[in-house]
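Protein chains in written order, with the working numbering: chain A, 1 to 234; chain B, 1 to 276.
Hints were generated in silico from the structure; no laboratory data involved.
If you're wondering where the values come from, they're calculated on a predicted model, not measured in any experiment.
Mixed in with the good hints there might be a few duds.
[Stated by the list, open to error] Straight-line distance between alpha carbons at most 27 Å, and here's what the computed DSSO-like set of lysine-lysine pairs gives: (1) A:50 with B:264; (2) A:50 with A:70; (3) B:27 with B:237; (4) A:50 with A:214; (5) B:27 with B:70; (6) B:70 with B:90; (7) B:237 with B:75; (8) A:70 with B:222; (9) A:71 with B:51.
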Amino acid sequence: MITITNIKKVYEKNIFALNDVSLNIEQGEFVFVVGASGSGKSTLLKLILKEEEITSGNIFISGANITRIKKRELPYYRRKMGIVFQDFRLIDKMTVFENVAFAMRIVGANERSIRRRVPYVLSLVSLEGKSNRKPCELSGGEKQRVGLARAIVNNPKIIIADEPTGNIDPSMSYEIVELLANINLHGTTVIMVTHDLSVVEKFPFRIIELCSGKVRADSAGFIDYQSENITKVS
Amino acid sequence: MSLASVMVMICCLLLTGATFIVAENIKFILKNIEGQNSITVYLFKDADLEKVKLGINNIENISSYDFYSKEEAIKDYEGMLGERVSGFFKGESNPLPDAFHVSFSDLSQYSATISEIMKIEGVDTTSDRSEIAEKLSNLKHIFAAISFWIVISLGAVSLLIISNTIRIAMHNRRFEINILRSIGATNNFIRLPFAIEGVAIGTFSATLSFFALRIIYSWFVKIANNTIPFNILPFEKFSNQMLIMFISMGLILGLIGGLVTIGKYLKKEMSEVVVW
Ligand SMILES: Nc1ncnc2c1ncn2[C@@H]1O[C@H](COP(=O)(O)OP(=O)(O)O)[C@@H](O)[C@H]1O
Ligand SMILES: [Mg+2]
């Protein structure tokens, strides 16, 4: 699904945020990306999202080289992905419902399907009772669940989450990752950056460790994540 | 919506409208003057009426004439001066001269005929309006040049202010714009509310300006009709044109101001979208 070949990202003359990284992520896989601060985790996600230009190397998604995507095609490319942010990025003056609905408005969905889909997605993250609340009335964990709902509402093929548990109560972190794992169960590829190792070790997913812009360790091949997934849920 | 941009826009539109109205009125007055085939011939105090009549009769280009006594003249002024004042000037103390209203048959011989009239003994002067016409037409040209530049520069100021208003609006909503972009909103989707804001400023200002101008102008017409010896066009004569002109100017300025700013903003300040 995502094939990364020898990518380098140089920000300024000497900052090698990523230095010769190659990875292959299968469709339906759940991947944790871990590593110290400054190791290049966010940069990797930004390159996949085309928020930043690759300095050299290529990224293929479903066989298509993303460096070929034109500027005006970018919005349509991003719609294939659901993004979850560390700081939630909810719009304060909108209700929970509106925050999720406007992701559907962006892609031109009609009001009828919005009214049908948003409550369903909110129920997936157990927020059906709070759809008229404003983000400021919610706890960190609840805010991130709204963020998750927004990320999945348009049925993305890939979910990209950069430290989604970074700003919430550690006791709530597990719940968020579990929700992501549930989404993953339906076939959505999930790439989650985190440095919360206590959460990582509770899940049987692939772990990629970055260090100074290089892949230091990759658990791929050691764990049969697909079957682990199934046992975990049952 | 910023008050400043609405105010500046209204100033721009009002001046544009005033310019238009003055130009239309000058055109109207000129046409009146040029189309006038009668003049007034004023006599000296001691002129011999019969001799002057004879002289006028002898000029071929004069189709008709009638006597306009100073008593009649003072009566006509009564409306303007009030009875008490005009009463003061009645009889011996009447300062006005006797006169004839004279009509021409061929307007193309206007100046030749005027000079013939001036040769008649007892004729003091004529109400020769061609001079006024010439002055007015000069004025029209100067006025057109000045107003052109006023309108252009005020338009530019309006654009600047609108663009600034929208830039501030975008800056205030940059967080939302960021989110929108990162989850796949097209530029058009992001643009729409700001373009609408620009258009709203434009049309709102246009409507306000239209009604303001209508009030100011009808008030002015009332005064003018009592003081200026020319007829002035009523506002209804150009209210449709004015409304169309205002709304389209408002729309265009608002839309251009909006879209240019948004385009610039999206390109420059939004180039790095997500800050993690
Ligand atoms: N926009 C940028 N300009 C310059 N340097 C940057 C930029 N973003 C990140 N970096 C640098 O690139 C390196 C990797 O950053 P990042 O990918 O954010 O790491 P992580 O997310 O793992 O903490 C760091 O040294 C950081 O300082
Ligand atoms: Mg980071």
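Hints and how they fare:
no., hint, verdict
1, A:50 with B:264, "21 Å, holds"
2, A:50 with A:70, "10 Å, holds"
3, B:27 with B:237, "13 Å, holds"
4, A:50 with A:214, "19 Å, holds"
5, B:27 with B:70, "32 Å, violated"
6, B:70 with B:90, "9 Å, holds"
7, B:237 with B:75, "32 Å, violated"
8, A:70 with B:222, "64 Å, violated"
9, A:71 with B:51, "93 Å, violated"
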